[in-house]
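Chemist: Basically the numbering used here = 1-based index in the sequence shown + 118.
Think of the hints as simulated: they come from the structure by calculation, not from any bench. Remember, predicted model here, so these are calculated numbers, not experimental data.
Pairs of lysine-lysine residues, derived as BS3-like cross-links and limited to a Cα-Cα distance of at most 27 angstroms, are as follows:
hint, residue 1, residue 2
1, LYS171, LYS154
2, LYS147, LYS171
3, LYS209, LYS221
4, LYS170, LYS139
5, LYS147, LYS189
6, LYS147, LYS170
7, LYS170, LYS193
8, LYS126, LYS189
9, LYS193, LYS126
10, LYS126, LYS139
11, LYS154, LYS189
12, LYS171, LYS208
13, LYS193, LYS139
14, LYS208, LYS189
15, LYS209, LYS193
16, LYS170, LYS208
17, LYS193, LYS146
18, LYS209, LYS189
19, LYS222, LYS209
20, LYS139, LYS189
21, LYS222, LYS208
22, LYS197, LYS146
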Amino acid sequence: MEKDELLKISELADFFGTTPKALRLYEKKGIIIPSKVDPLTGYRYYSVDQVKKLNVLVELQELGFSLNEIKKIMKGGLKSQGFLDSLYSKKVEWEQKKNELQKKIDAIETIEQNLSRKIGSTEITAMTEEERAWFLLNVVCVEELKATKVLSEAIWL
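Please model the entire structure based on the sequences and the hints provided.
Modeler: Now the structure itself:
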C-alpha cells in the first residue's frame with residue numbers, strides 16, 4: 119500500500135479480520151475517522167495512517183482495553199504518562215483476575231484431593247440422599263471459614 123493509496127472499508131475490515139460495522143463504530147466514537155467519504159455513495163476510504171491506528175486499536179483491544187480507554191489513549195498519545203498509567207492499571211487488573219483464577223484452580227484441586235481421599239471404599243450411589251448431600255458438602259467446601267459450611271453443619275447436626 120503506497121502512502122497516498124486508500125483502502126475501502128471492506129478491504130480494511132477484511133485485512134484486520136473485523137467488520138465494516140466495527141469500523142463504523144470506531145468512526146462514530148471518534149477513534150478512527152476515514153480519510154475520505156464519498157458524498158454520493160457514502161463509501162469510506164482509509165489511509166496508511168488509519169491502518170496504523172486500527173492496528174494499535176486491535177492490539178489494545180486484545181489487551182483488554184475498552185473503546186473508551188483506547189480513545190483516551192489515542193488522544194493522549196502513546197508516549198504520554200497517561201498511556202503508561204493505563205498500561206499499569208490494565209496490568210494490575212489482569213494480575214487480580216489471574217489471582218482469582220488461580221484460587222479457583224486451587225479450589226478444584228482441593229476438591230479433587232478431598233474426593234479421592236474421602237470416597238475410598240464408600241460408593242456414592244449406595245448413600246442415602248442425606249448422606250450424599252453431607253458427603254458432597256464436606257468434599258466441595260474447601261474454605262474452612264465459609265459461613266455456609268458452618269451453617270450447613272449446624273443444620274445437619
